[in-house]
Amino acid sequence: MFGFILRRLAVAIPTLLLLIVVSFLLMHAAPGGPFTQERALPPQVLANLNAKYGLDEPLWRQIAGYVWGIVAHFDFGPSFVYPDRSVNQIIAAGFPVTLTYGGIAFVVAVAVGVALGVAAAIRQNSWMDYLAVGISIGAQVLPNFVMAPLLVLVFTLWLGWLPGGGWGGPIYWIMPVVALSTSFMASIARITRSSMLEVLGSNHIRTARAKGLPERAVILRHALKPAMLPVISYLGPAFVTIITGSVVIDMYFSTGGIGRSFVDSALNRDYAVMMGITILVGALTILFSLVVDVLYAWIDPKIRY
Amino acid sequence: MIRLFLTTALVAGMALPALAVKPAEGEKLAENQSYTFWLLDAIKTADPQKNTDVEGSDIIRQLFEGLLNEDEKGAPVPGVATGFDLSEDKLTYTFHLRPAAKWSNGDPVTAHDFVYSWRRLADPATASEYAWFMELMNVENATAVVKGEKTPEELGVKAVDDHTLEVRLTTPTPYFPKMVTHGSTFPVHQKVVEAEGDSWTQPGKLVGNGAYVLKSHDLGVQISMEKNPEYWDADNVIMERIKGLTVNDNNVALTRYQAGELDRVQIPAGQYPRLKEQFPDQAVSIPYSCTYAYLLNVSEKGPEALKDVRVRKALSYAMQRDVVVNQILQGGQKPAYNWTHWAIEGFQMPEIDYAGWSQAERLEKAKALLAEAGYGPDKPLKLTLQYNTDENHKKIAVAAQQFYKQIGVELTLNNVEWKVHTDRMQSQDFEMARYAWCADYNEASTFLDYFRSTGMNYGKYSNPEFDRLMDQSKTSEDPNEQYTAAEKILAEDMPLVPVYQYSKVDMIRDDIKGLPTENVMNDWYAKDIYRIQK
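In order, the protein sequences belong to chains A and B.
Those letters in the first sequence? Residues 699 to 1003, by the working numbering.
Those letters in the second sequence? Residues -12 to 521, by the working numbering.
The following block holds chain A by itself, in its conformation from the complex (with noise of 0.2 Å):
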């Protein structure tokens, strides 16, 4: 297992300086530069801007000097758009914010989702059921923009009950995590609930049953821990997705969390905030993957690696 990690994270290393060559091409390759504006700059200026950011030397060579000084100094450079920003000051600013709502949006997501799922497969065909499927069901096809906006409405003007947007104490993290949360809630009922019916029907279930233990075991001791391993291989993706933040979040909620930043980099072509939040969601995104697989492991005992 331990080596298993370590060839993992061996393999992190070029694929992730495989992301930052294809980003930083792909980027480059867009019309449009980050000092682009609807009044064309002057040569002169344009030529004076591209020399401090280090825009006018060859690509190889832009690209070399970027991942020099994240190894060497772990420099994201500055924001091309934001002058008086660091990317490193951009992504401290923003991720804790987009971490804290999104943390908390997958925690209730989960909880809520998998006794949804179990609720409705334990009592299949019943009122329980059909009320579960029917929330999930409401809550998949209802998209966060459309509740974020809507939730302002109610909650902010009609009652209100919570600051239409910001960032501060608690009573700004609520729209925000019942926005982001619906949609995975309902993905993950959905999933618990096809994955649980599928293990009441087994065998091993159908033995504890015959043992006489009570139907609360039965499910809990049970049926639980093998009916997780499709959430689980949903939830790694899900996870690294919920918290590198949501535009939409960020945009109807003015959280000032890194996925309205992302999306605004791509748009402005601030090309090092793009790289920097790119690399941030690159990285987790393998670190999340292999958590999962390592979860698989201590989950199911018939996966070695």
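I should point out that these hints are in silico values taken from the structure, not numbers from a laboratory.
Where hints are given, some of them may not hold.
In silico EDC-like cross-links for lysine to aspartate or glutamate, where the CA-CA straight-line distance does not exceed 20 Å [said to hold, decoys possible]:
1. A/LYS750 to B/ASP185
2. A/LYS750 to B/GLU181
3. B/LYS500 to B/GLU248
4. B/LYS214 to B/ASP94
5. B/LYS9 to B/ASP222
6. A/LYS750 to B/GLU183
7. B/LYS500 to B/GLU14
8. B/LYS134 to A/ASP754
Please build the complex by placing chain B on the supplied structure of chain A, with the hints as guidance.
Positioned in the frame of chain A, the structure of chain B alone reads:
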């Protein structure tokens, strides 16, 4: 030397308080003197020489103060300078700075600060995206300094003493005083900038000379400011705290305004009539100095058809501006038949023939012109309109497609992302392109210079007579004569399809007073606003 005052407002301003008495007769100030305004996007920087955004300028105008400010109508009034002298040849301006002006750390604001900042704007090492503004101001050697051919020290700006600033221009520039109200000309504190580097504009580090100091700035969330006790006119500043909240979605911003979280917000397109009826004291429509148009590519790279003036005229005549303004935008915008915004100070609207016709007449004429140019049912004119992604641009483009169908023109719509749109326009890689121009200063030349052969002019329009008129306007006693004549040439050559002239359509809470409603530039100063008891 002749002693010159800016306008009558300044003459009054020299003897009397600079602005109207606050609060006005019968108004009682509210306990709560705070003002929260809406920002669509994150503020990119609070550095006067590096900012390029309108929203950034709104912040900079509170944190810093330039030589001159604007009054509620947009006319220049004293700022750090109490007034100026203009030499006989109209090439040297001498500004007199008030000795009481201070930085927020208590240091005096001197002419040297302005010299430093102006050089900083032009200096290639700063790499300012607004360096061209110094060239637009015609400051001596600005172009050479920006190009790196001369050192910043050779820029035509000099501190005669601590409180006297001398600026030399290359050519008489009648609108020069209006240009020094622009944020890029505001002073910065040399020691702070040099000590802190790029991060000097962060809260706690930033030293300004404006009526407010920066308290906090969370990127993409909010920026808050507090009254600066060191400001020379702090006794007359009523508003204590101001805050900008970023809300990326206009509809959510409106909801938050209605929930009481914002004091001012833009009204989304099409909602003005409803809100005006519901909240007559809050919904406002203020002329705003931008013009919306479709640029026609008349360059070598442009389509053959657009080189024919008859085709260009037909396209302009067939644009049903009343439909755009009254049915799509519905916010008090005005149909445009010319380029310069109607509300620009001193601008006299020329008599443009087709502005006076009925739409039916225009359509007839357009069809006739197209037929004359050789286009008809058997040989329909096909053109592509490129516009950048935006709901409103799309609505207007779809409408234009229908308008042009009526004269037999097949218009293909091509929607691209903003940077791609800009990039293609700048390389003349388009046929018709959505475009808008906003004034840099409150004078018609900011619009008309665009269409000079040497101007931005993405469609590469060129007419020597037009250029000559614009050259003449620079030294003219009354340049508005030339401007009117230049507009007539544009209407004759039609290198663009003017569509509409902007209004700023906003909700403003009715207990907030002192926001300018007649300044076409829409520049506002928090030091002039206050909240009354209702």
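To see whether the hints hold, each was checked on the structure:
no.	hint	result
1	A/LYS750 to B/ASP185	13 Å, holds
2	A/LYS750 to B/GLU181	17 Å, holds
3	B/LYS500 to B/GLU248	18 Å, holds
4	B/LYS214 to B/ASP94	17 Å, holds
5	B/LYS9 to B/ASP222	12 Å, holds
6	A/LYS750 to B/GLU183	18 Å, holds
7	B/LYS500 to B/GLU14	10 Å, holds
8	B/LYS134 to A/ASP754	16 Å, holds
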